[in-house]
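Chain residues, written in single-letter form:
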Amino acid sequence: MRVETVEVRFGGVAALAGVDLEAAARRVTGLIGPNGAGKTTLFNVITGLQAPTAGRVYLDDRDITDVKPHQRARLRMARTFQRLEVFGSLTTRENIMVAAEARRDWTRDKQEKEDPTRVTEEILDRVGLRSVAASPVDSLPTGLARLVELGRAMATRPRLLLLDEPGSGLDEHETEELAGILLELAREGMAVLLVEHDVELVMRVCTEIFVLDFGRLIAQGTPAEIQGNELVHAAYLGTEDDARDTGLEAMEDAAR
Amino acid sequence: MTTFLAYTIVGIATGCIYALTASGLVVTYTTSGIFNFAHGAIGMLCAFGFWELTVKDGWPQWLALIFILGVAAPLLGFAIDRVLMRHLHGAAVSTQIVVTLGLMVAFIGLASIRWNPAEARVVPEFFLGHHVRLFTINITYHQLTMIAVAALVAGFLRLLFTRTQIGIAMRAVVDDPELAALTGADPDRVRAVSWALGASLAGLAGILLAPLISLDIVLLTLLVINGYAAAMVGRLRSLPMTFAGGLMLGLAETYAIWKLPSGVLTKIRPSIPIIFLFVVLLVLPQAKLRAGRMVSARRAPRVATLGESIAGGVALIALAAVIAPHLSQGDLTLAGQGMVYALIMLSLVLLTGYAGQTSLAQMTFVGIGAFAMGKYFGGGSVWGIVLAAVLAGAVGAVAALPALRLQGLYLALSTLAFAEAMSTLFFKNTSVFGYGGRLAVGRPHLLGVSFEGDRAYFILITAVFSLAGVGVLALRRGKFGRKLVAMKDSPAACATLGIDLTFTKLTVFALSAALAGVAGVFFGGVRGQVGPGDFEMLQSAVLLLLVTISGINSVTGALAGGLTFGLLPKVQQAFKSIRSVVYVLPGLGALGVVRNPNGWTSEFAPLGARIRRRSSRDGGGDDVVGPAPRREPEEVSDPVAVAG
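Going line by line, the protein sequences match chains R and Y. Residue numbering for the first sequence is 1 to 256, as defined by the numbering used here. Residue numbering for the second sequence is 1001 to 1644, as defined by the numbering used here.
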């Protein structure tokens, strides 16, 4: 998946200005930046919820800029949301089931049609949601609800997975498990694009990192390169925003 | 050419009224995000108030105008915001629709208590008797007043939104309430002002309109639908476009009067604004899916298992069989009607409760079902039921078509327009229900058994409801039901899972209409005959209100709502002095939905949970269901709700 010179304008404000980014298979790609840098907007552009003012989106070299959201999903991309979009009145199991059933319905390849129940049970174990499988999701704490979104996205068997702050609300142990899952998914061949404030987590799992600030790409490189990048430090230092400060501290911790 | 010019001026005058009505709607919608279905009712109240003050109490017109538009209407708008609307921000669209609809219905009911609809009243035109002659037609001073007032209002609104602090704050609140709050504007105050202003604009339109049509409660209230079309041209946001839309509509109507042969005209004329609304909805651009707008809904009731729902159904039939012999003829009819209403409401549970889509045309589909049975099978054949389902389902799909690409509110408006159009073009057409306007619908023979008797028929309807209830619950537990609830909870997430929302919406809409069509067969059967007055949009609205009051997302709610509706005539008998109990009770009741969107039957949920727990303890059953605090282990479900 790659986006080329994507621009999004809301009125006179540019949320994204000429952003290029690529997420390759078999690795976790990081996308970081201060609050309001345009990360979620970029996710919306990639998944078709937001039409870009300019620029193109490609999947396997196919231009999908004008493809509708549900048709893009059928090209096997899935995502989670920063502001939760769970199916609150359904149970955890049903949330994942809806995705598995949808996937069986739209997949054309007979061989790929899997039994939704089996897929659901497998994912419940894999993401570690077995203990809350029968609970309505709107009764779950945020961290677990984020895992429900991850499990739901995984149930469509995507080749490209976009995760919007999956780590927020998780405790240390749960974050550890999340990191394990992400690395495993990448090993299995998936392209994972990760937006995350927990810089430590990003540094650990990502092969390549893109840094956005005020809608512009200010840096790109390996975790080591990003840690040493002056611009990145400046972006995080530039304001007194709490999130930026913690981001910076985390980065320094990770560097140590 | 001269005639054309004259008609143009008349058209502009009519259009100005539409524009005035619509501008009030737009002002409140843009600042509060709530589409006010009671807008017309506020105008109606103001017109009646104006009549009372001027005609009855002898106030001078100018004083009455100042009092109503400057004091009474703003206070009413302010109160509506304080008591109701303030609590609706962030609520589901279907809840917002029900509450403002409830307000509309309540106002209709309250107005008919104060002003007996049986008495005729006339509000005189302004400058009565004065007119200018323009080529071939007379243009009254009243019409000129309408044009002048609309121009003044347009200028006033323009100044308000561009030059004054509160006006600019109003626009800011729409874009981002939190951001607006940071700049010092108080969103609550801004919204209160906009509701007050909206109510005044509604009143102005109502008072100007009343002399032109009769001072009729329902007529004045529903005339606002014409304004909806104009507001839609401005996409509920742009005031200049709204005024343009109003003028376009007024001109279209007047030119039609001029050019169309009178035979066609009498049939089509009342529907011109509706057709206009339909067309506007068709050309609106596809609604954007938005993420990050999760609705804070109260937890949906627990869904009964297959065993529970079958047991409930059997118990219901048994109960009906036991009490039927003890009911009088009249009570049997009422009970039968109640059960039919419950069946219709079941179709709303499927559509609104599960899928989150609102229909104001459910009685239209009921009418189609009754028509299919009565017209082609007289009533005796099972095939009539099949045809009713197929025909109503197909019509339902057509009705939903224009709004499928759009979101909740627009679907509701589209069905409202459809119900109005079907009422005037189809049901009131003499070739449909015959010249007497009544169509006989008989009672079916099933499996060699005759259900002619009232008792047998009541039990049959109960059985049909039970069967449908078990079916709807089975649907909800299955794949399709999961998809519906998912669509209701987050359309954006559904799309990113590859689910085609348009198709899902169309399917559920057709299914729900088909069920309403089947109910129509029994609606006709229980009454013996049906007429055009049975299938009005207002009936559908009252039905939606009642099922929401008792519980829109459970079969129990539909049953309770249906029986309540069936019993209303009894209540009316007991309180003869209160006219229109049928409107007052559901209307006021719906306002309570602000507090609990799941309806009053859900209040008994903890009781149901306790019973289930006890019975499973006694029977040693393995499906332990009980109250669960957050994050309980598996196999323990939540405390909220019994729905069976």
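Honestly, the hints are just simulated from the structure, not real lab data. Values in this document were obtained by computation on a predicted structure and should not be read as measured data. We treat Cβ as the ideally placed atom computed from N, Cα and C, and that holds for glycine. Incorrect hints may have been included.
For the chain Y half of the interface with chain R, some residues (derived, Cβ under 8 Å), not all of them [what the hints assert, rightly or not]: (1) A1315; (2) I1317; (3) A1318; (4) K1479; (5) S1490; (6) A1492.
Between beta-carbon pairs, the in silico distance windows are [to be verified]: (7) Y/R1114 - R/A51: 31 to 41 Å; (8) Y/T1502 - R/T142: 28 to 38 Å; (9) R/R9 - Y/R1163: 20 to 30 Å; (10) R/E122 - Y/E1452: 49 to 59 Å; (11) Y/G1155 - R/T53: 29 to 39 Å; (12) Y/R1237 - R/T53: 13 to 23 Å; (13) R/R126 - Y/G1478: 23 to 33 Å.
Okay, the hints, checked on the actual structure:
Interface hint at Y/A1315: violated, since its Cβ lies 27 Å from the closest Cβ of chain R, which is beyond the 8 Å cut-off. Below 8 Å, beta-carbon pairs count as interface contacts, and Y/I1317 has none with chain R, the closest being about 30 Å; its hint is therefore violated. Because the beta carbon of Y/A1318 sits about 32 Å from the nearest beta carbon in chain R, more than 8 Å, this interface hint is broken. Evaluation of the Y/K1479 hint against chain R yields a held restraint, the C-beta minimum of about 5 Å falling below 8 Å.
This hint holds: Y/S1490 has a C-beta 4 Å from the nearest C-beta of chain R, less than the 8 Å allowed. Interface hint at Y/A1492: satisfied, since its Cβ lies 6 Å from the closest Cβ of chain R, which is below the 8 Å cut-off. Taking the beta carbon of each, Y/R1114 and R/A51 are about 52 Å apart, not inside 31 to 41 Å as hinted. Roughly 31 Å separates the CB atoms of Y/T1502 and R/T142, a value that falls within the hinted 28 to 38 Å.
R/R9 and Y/R1163 have their C-beta atoms about 27 Å apart, which keeps the hinted 20 to 30 Å range intact. Our hint of 49 to 59 Å for R/E122 and Y/E1452 holds, since their Cβ atoms are close to 58 Å apart. Judged by the Cβ atoms, the range 29 to 39 Å given for Y/G1155 and R/T53 holds: they are separated by roughly 35 Å. Range check, Y/R1237 to R/T53: about 20 Å between beta-carbon atoms, so the 13 to 23 Å window is met.
Take R/R126 and Y/G1478: their Cβ atoms lie about 25 Å apart, and the range 23 to 33 Å holds.
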